[in-house]
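All chains should be built: construct the whole structure from the sequences, respecting the hints.
Chains Y and X, in that order, give the protein sequences. Under our numbering, think of the first position of the first sequence as 1, with each following residue one higher. Under our numbering, think of the first position of the second sequence as 1, with each following residue one higher.
The list that follows gives simulated cross-link-like pairs (lysine to any residue, SDA-like), each with its CA atoms no further than 25 angstroms apart:
(1) 44(Y) <-> 69(Y)
(2) 73(X) <-> 118(Y)
(3) 114(Y) <-> 79(X)
(4) 376(X) <-> 76(X)
Residues of chain Y placed beyond 12 angstroms of chain X at every Cβ, according to the derived structure:
(5) 1
(6) 2
(7) 8
(8) 18
(9) 20
(10) 64
(11) 157
None of these hints come from the bench; they were simulated from the model. Even for Gly, the Cβ is constructed at its ideal location relative to N, Cα and C.
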Amino acid sequence: MVAVYVIIGIVVVLAIILWVLYNGLVRLRNQVKNAWAQIDVQLKRRYDLIPNLVETAKGYMKHERETLEAVTNARNLAQQQSSAGAGQRAKAEGELSSALSRLLAVVENYPDLKANQNFLALQEELTSTENKISFSRQFYNDSVLRYNNQTQMVPSNIVAGMFKFKASEFFEVTLAAEREAPKVSFT
Amino acid sequence: MWEQIRSNQIRSVVLTIGMGALLILIGYFLGAAFDNAVAGLVIAILVWVILSLIGYFQGDSILLSMSRAKKIKRDDHPRLYNVVEEMKIASGLEKMPDIYIIDDPALNAFATGRDPSRASVAITSGLLQKLNRDELQGVIAHEISHVKNRDVLLMSMCSILLGTIVILAWYGSRIMIFGSMTGSRRSSSSGGGGQGQAIILIISLVFMILAPIMAQLIYFAISRKREYLADASAALYTRYPEGLASALEKLGASTGQLKSANKATAPMYIINPFRKKGMRASDLTSTHPPISERIRILRAMAGASFGDYDQAYSEVHGGKGVIPAASLAAATVPITTTKLEGEAGEPNEIQRARETSDVMYRLNNYNTINCDCGAKLRVPPKFKQPTIKCPHCGRIHQV
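Rendered as structure tokens:
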């Protein structure tokens, strides 16, 4: 009789451990999903802002056609890649970021444009969206790190294997051009 | 890495329980002095429960209305709204906190809200015009960390506990002194009980004097600890400790006192609002660690992770670190050195001051008319005339 109770006890304890580990994994996986959705929101916001910015800047920046075109092209390319995986998408978005920072750097040479209220508001939005993209990427990568750690570490890796929790991909910007963000001297 | 900071809360909980024990003891002695220990206990707990319930459900709105904070929308101040949203994303908070501005030239900020889904951050207009974008980000990150680490709930519950102890001790000691002077209350003690009664009375009186001081010390210990933790989290969220360090430098150099703060709400603010007039903020330490030390720690950080903060803390402060071992994940987190945004669009201090005063006038329902001569007319809400004359050039404007 005692043996039966012991066995029941062990089974119950195991079930509780399984339950806790499984829920933990699900929570982390959902967090990764949410974080990814958050990046998506910000990237879409950037696609929407760029045509306005280019349109406003065009009137003032007669001699910067190439810079403006580069931004527009990079935006269109990035939008096309938006259904691709994290790695490929990060590359396209990295191109767009560096094209944008080149544009914002040459704005310095156009005092009239810098005085335009509409442009200033757009620039604030764009600056903030760039920040939000990097912060959401930061949070996404942290979430992926924790989730991947959980799927690989004992004992939760057993549960992860049983219920097919797959490791997620990091959103890394591997583009050389972004890593060395253009340094502009205002001398 | 993020939630593990919770393990540190065990320490805070132990300290809070210590304060709770103080409350129970004070209730007991207060009752014992009047021949009924249980009644004293019940009264003490009753007062605490009522105050806690009020604090839990109404604390944030009481605090915000007491500090005369005004809620803003996105269009009122896009930059502030954006910075808060950035930090909301970086910290992984589920819901966008409400944003308030306090119309006060003093430099300060606080966060409130009993849980992360009901949070608010408030900032004084003085601070808003003083800080550039990176510094503002650091300050907001610090406040969001308080929300994320659940400091707001812990600190308000602790301050209510402290308040209850102080109130009970104050009234208790006065009643006892007054009661023993008139002497008539003691008639109920029968025969040999007189001497024991006197001893209890003396112990109670000593305890009444010591309890508030002890509670205050515990309270300060909890509060200081949470400040360091919030600084560490802010560095981690922004990946840029220098932003907060430079903001704290500006805060520390200021001498203005916040008019609407009081002792109960002091630990909510980013720096202690009670500095003696003319004294620099870094001179006085109570609920907050010295500002100069906080700046030195932030500047000594080699990376932006909790581990880096912990190491910097040991270097500056000496002794062992401030972050619990469980949250020291091995991952290295680099500090952002190149900021992507064009600093070109960053408004300077004069522009920020104009922008902030525009927001404050608008929030107070002033009507702003831009005259062609360049003057800005601020029409107060009580102004009833249909037209107004520009005092600068004499043009007539419709209101």
